[in-house]
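Student: Listed here are the chains, written in short residue letters.
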Amino acid sequence: MRVKVQLFARLRELAGRGECDCDVPAGSSVADVWRAVADRHASLKPFAGAISCALNADFARMTSPVHEGDEVAFLPPVSGG
Amino acid sequence: MAADRLAVVDAALSLERLATALERLARDRGEGCGALCSFVGTVRAVHQERRVRHLEYEAFAPLAVKVFAQIEAEIGRHWPGALVAIHHRVGRLEIGEASVAIVVATPHRAEAFQACRYAIERVKQVAPIWKHEFYEDGDVWIEGAPADPDDETARQAALERACA
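Protein sequences, first through last, are from chains G and F. Once you know that position 58 of the first sequence is 58 in my numbering, the rest is easy, because the numbers rise by one and skip nothing. Whatever position you read off the second sequence (first residue = 1), add 1000 for my numbering.
Misleading hints may appear alongside valid ones.
[What the hints assert, rightly or not] Derived lysine to any residue pairs resembling SDA-like cross-links, with alpha carbons at most 20 Å apart:
1. G:Lys45 - F:Arg1053
2. F:Lys1124 - G:Ile51
3. F:Lys1124 - G:Pro77
4. G:Lys4 - F:Pro1062
5. G:Lys4 - G:Pro65
Hints in this document: simulated from the structure, not taken from any laboratory.
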């Protein structure tokens, strides 16, 4: 199945793009999507322990299941204010 | 409309607009407010001894607005009757420009100061917003901690700072 991946800030710069499609097997979790994206963009790998994630613009957990057409966002540590 | 009060915007911020929205809301509720407390974060010229030329802020806007609404709800639980407005700017900002504007309206002044401080602490902890600093000789993405809206320890830390 296909999900849409969104990357922000330094993750976006390291990957060279803010959005991409990602194909993962049915039954995959957000963590599986992250692994697929990080396999494609090795420079993202060091962030594995320091990201938050969102599913369809709501905060989610890496264990959250994903479904066809979902939007999965990966967020580096934040610095608003 | 919550959109008047909780937003990510790409133009100059106006405290007055936020205060007016809150005053109107307080009046519509029939109680008015005894205190308005505001906070404005502005762009510093120096960060860790490096001279900043300008900043760029990036946000995941739909989620950031939901975080602002969560902060509003947290404040409503802790300081009953408090009203909150939060605008965060994105895009390129020059030195001295406002990056975030917060106004809190409450019946009395003590909780206005506390709730306003709490709001900015929570924005910094949880809002999916990123600061990119540009210096004379390079640029750096500033990164704090990963955002976790359910991290109760972080929330308590924000509350303690607000009520110190």
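Student: Are the hints correct? Go through all of them and say.
Tutor: Going through the hints against the structure:
no., hint, in the structure
1, G:Lys45 - F:Arg1053, "violated (31 Å)"
2, F:Lys1124 - G:Ile51, "holds (16 Å)"
3, F:Lys1124 - G:Pro77, "holds (10 Å)"
4, G:Lys4 - F:Pro1062, "holds (16 Å)"
5, G:Lys4 - G:Pro65, "holds (14 Å)"
Hint violations for this structure: number 1 only, all remaining hints satisfied.
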